[in-house]
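Produce the complete structure using the sequences and hints provided.
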Amino acid sequence: MRPLGLRNIFRYLAVFVVAVSLNFMLPRLMPGNPLALLAGVDVGLMTPAERAEVIEAVGLDAPLIQQFIDYWWSVLRLDLGFSFRSERQISEMIMERLPWTLLITVGSLAVSAVVGIVLGGFSAWRRGKKSDLSLLTGMISLQSLPSFWLGMLLISVFSVQLGWFPSFGAVTPASDFEGWGHIGDIAKHAILPIVTLTVLSIPGVYLTMRYAMLEVLGSDFIRTARAKGASEARVLFGHVARNAIAPVVTFLAIRFAFAFGGSVIIETVFSYPGLGRLIFEAVSGRDYPVMQATFLVFTVAVLVANLVADLLYPILDPRMRVR
Amino acid sequence: MKLLNRKRTKKRSPKVANRLGMLGGGMVLFLVVMAIGAPWFAPYDPTERVGLPFQPPSAAHLLGTNDVGQDLLSELIYGARVSLTVGIVAALVALVLGTSVGVLAGYYPKRLGRFLMQGVDVILILPFLPLLIILAAYLGRSLLNTIVVIGVLIWAGPSRIIRSQVLSLRSREYVLASRTMGAPDRWAIMRHVLPRTALLATGTFVRAVSTAILLEAALSFLGLGDPLQKSWGSILFWAQSRGAFLTPAWKWWVLPPGIMIMVASLGFALVAFAMEERINPRL
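Sequence order for the protein chains is A and B.
Counting with my numbering, you get residues 923 to 1245 for the letters of the first sequence.
Counting with my numbering, you get residues 3 to 285 for the letters of the second sequence.
None of these hints come from the bench; they were simulated from the model.
We put the beta carbon where it would ideally sit given N, CA and C, even for glycine.
Mixed in with the good hints there might be a few duds.
What the hints assert, rightly or not - As a list, the in silico DMTMM-like pairs of lysine to aspartate or glutamate whose alpha-carbon atoms are at most 25 angstroms apart: (1) B:Lys253 x B:Asp123; (2) A:Lys1051 x B:Glu279; (3) B:Lys17 x A:Asp1054.
What the hints assert, rightly or not - For the chain B half of the interface with chain A, some residues (derived, Cβ under 7 angstroms), not all of them: (4) Tyr109; (5) Pro111; (6) Ala139; (7) Phe223; (8) Ile263; (9) Ser267.
As structure tokens, this is what we get:
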């Protein structure tokens, strides 16, 4: 699809520049007091002295171009700023949340990859038959399923009615589990969010796999393989799946970025203390610096995922190797 | 025998797509009737307190009442209006943006096209949901802002699809002929290129409606929708913040709005699927 080249690196740089510039411009262009939008403080409740202090801390008294340079400088130094609302360093808050989001996105991606590839492969093999068509219809329906609603239903059924899983958080508060008990506790809390995120991701993997398989099934070397008398299983696993896997893996890497963003909604439903929940809390608490910093972290995650996809592709598909 | 089989499956697939399209069309029609006839179908005004709060379903309130005593069934029926309005108008914004950029980039593939497509790629890579949320947070909560935010974020994908078709159209004989005879580019685009992208553009438009409906629901669920409008997403927002899904109330408060969101989004998705299948069969 796209081997890693200068063009891609240039594109990722452009994405990063656009994200940082959006972050810089949005609070300054929007109606309302930029001080409130930048620092996330209640301007009306402050004394003039306090206000002057915050203006200086945010740098709003400098000329615009100076502010822009300062902003870039702080981003490049990985200084994500200070949350006036919670009186903490933002980078600290993000590092606390990041592992939880990684846990549920990686977990769900692993499950949806297996399920999606198997079902997609099966569907392509049975192309046009009843099982293929009903699977395809089911997957299209799944794409229209609102993820937050699914999460709420899972909580109602599995947490409240059946009492199998906890309904919120990542660990039981004020518990002193040790070793395996602690891991079991984390797993119990993670299962429902992972299931929700997985159901959300499966249709994409399925459709990519099915389409990639169909494309390969129609090519000449498959006819050759059949003609030389290879068994159906050998054709499917040795030839078709081997050639269809490259676009699927690329899709998975990019899907990871989507799942990362999708965590905003799912972590809100499950009150799961990850990055998505952080951006939601920042939005509803008008803590704009945290909101902006989290957005930048999401952008970097997306870029890393794309980069991994670019690096993996030529390994999986030798035709794409740059000579 | 194998040959016979293949023939049959080939003939059968478009039929399946058509049937799914009809099903989707029926769902869309049902919602349109519901949205237009909301004042007649709804038993109460959804903004009025017409009963005690947190009532389970009864003869007077078929789906019970919410936390301030508003009738949930009436809210559900009126919700079709917000969902369809946001879905269709946001998709129209995306259609206009996507088609203009797609046609320009396809017709002038050299400098302008490359520049535009690089912009499209940048938009496609940006983290979609977080960007949607911070834009909505900065712009403030209103119906118009919801439409604008969704519209300007979902046009990039469609514009690529349209570009690739225009790219092949521009080298067709009749376009070349009209250009050799001295017709201006504007004429060639309006007369020859645009009409032939119409079908594809309509397909991507219908798919965009399906996406926009889901996004509106998600934004309202996060509390970023118009606070004055009753939408399915905002019913779920209140159900979530009042903990309705932790009580038996989930059966009448949480279940119905989600089903409606799914019907709306799926209805348009199925229509789009049937149209795409006609343009580019994949079954």
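The hints, checked one at a time:
Proposed proximity of Lys253 of chain B and Asp123 of chain B is contradicted: the alpha carbons are some 43 angstroms apart, above 25 angstroms. Distance restraint check for Lys1051 of chain A and Glu279 of chain B: the Cα-Cα separation of roughly 17 angstroms lies within the 25 angstroms cut-off, and the hinted pair is therefore satisfied. This hinted pair checks out: Lys17 of chain B and Asp1054 of chain A have alpha carbons roughly 15 angstroms apart, not beyond 25 angstroms. About 22 angstroms separates the beta-carbon of Tyr109 of chain B from the nearest beta-carbon of chain A, more than 7 angstroms, and the hint is not met.
Interface restraint check for Pro111 of chain B: the shortest CB-CB distance to chain A comes to about 16 angstroms, outside 7 angstroms, so the restraint is violated. The interface hint given for Ala139 of chain B holds, since its Cβ lies 5 angstroms from the closest Cβ of chain A, which is under the 7 angstroms cut-off. Against a cut-off of 7 angstroms between C-beta atoms, the interface hint on Phe223 of chain B holds, since the closest Cβ of chain A lies about 5 angstroms away. For Ile263 of chain B, the interface hint holds, the least distance from its beta-carbon to any beta-carbon of chain A being 5 angstroms, beneath 7 angstroms.
The criterion of a C-beta within 7 angstroms of any C-beta in chain A is met by Ser267 of chain B, whose closest approach is roughly 4 angstroms, and the hint holds.
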